[in-house]
Amino acid sequence: MAYNSHFTLADDMICHLNSIVGGTTDPFMSSRYVGFVSVSAVTVYELALKEIFIDFAQKKNKVFGTYTKSHFDRINGRIKHNHIKDDYVKKFGLKYLNRYKRKIQETENQFLRSHGKSVITSYGNLITWRNDFAHEGHIPNTVTFNEVVASYTLGKELIKCVAETMNR
Numbered sequence: 346m347a348y349n350s351h352f353t354l355a356d357d358m359i360c361h362l363n364s365i366v367g368g369t370t371d372p373f374m375s376s377r378y379v380g381f382v383s384v385s386a387v388t389v390y391e392l393a394l395k396e397i398f399i400d401f402a403q404k405k406n407k408v409f410g411t412y413t414k415s416h417f418d419r420i421n422g423r424i425k426h427n428h429i430k431d432d433y434v435k436k437f438g439l440k441y442l443n444r445y446k447r448k449i450q451e452t453e454n455q456f457l458r459s460h461g462k463s464v465i466t467s468y469g470n471l472i473t474w475r476n477d478f479a480h481e482g483h484i485p486n487t488v489t490f491n492e493v494v495a496s497y498t499l500g501k502e503l504i505k506c507v508a509e510t511m512n513r
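Start counting the sequence shown at 346; every next residue gets the next number (the working numbering).
Think of the hints as simulated: they come from the structure by calculation, not from any bench.
Just so you know, not all the hints are guaranteed correct.
[Unchecked claim] With a straight-line Cα cutoff of 20 Å, these simulated PhoX-like cross-link-like pairs (lysine-lysine) come out:
{"#": "1", "residue 1": "K407", "residue 2": "K425"}
{"#": "2", "residue 1": "K395", "residue 2": "K430"}
{"#": "3", "residue 1": "K425", "residue 2": "K436"}
Generate the whole structure from the sequences, applying the supplied hints.
In structure tokens:
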């Protein structure tokens with residue numbers, strides 16, 4: 346299965362919620378959905394990342410693939426940008442770390458120029474909002490539904506950089 350097929354789970358939910366949130370004029374009610382979107386988004390990010398790393402390792406060597414699958418079964422939401430870069434990509438070697446740094450920087454620069462938005466910051470914000478909601482029951486009151494959806498969409502670009510990096 347391709348890593349980006351996991352996004353369908355969150356994309357379908359967001360599409361459904363767009364029809365609900367789009368019809369409400371109450372910002373309080375639309376903000377209630379921020380937590381649900383952030384939890385779904387981070388869940389599919391985690392699934393996609395696991396698949397990227399496991400597929401890469403399995404293509405290298407069957408035993409390496411089995412080991413990597415076992416390792417990534419235990420990441421449990423540890424998918425912040427620094428974890429990806431320093432704890433995961435780096436373990437595959439400097440070649441992949443340097444490739445990832447170059448790709449993410451190119452993507453970051455492109456989106457800052459074209460949209461005025463940071464992929465890395467958007468990705469990080471989404472994880473923060475998810476953790477606030479999932480662990481503390483706190484819904485960020487300064488974040489709108491549209492902002493959480495936009496951050497999710499930009500965060501997919503970071504996952505895409507990982508996928509392009511972890512290629513033979």
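Are any of the numbered hints broken by this structure? If so, which, sorted upward? 1
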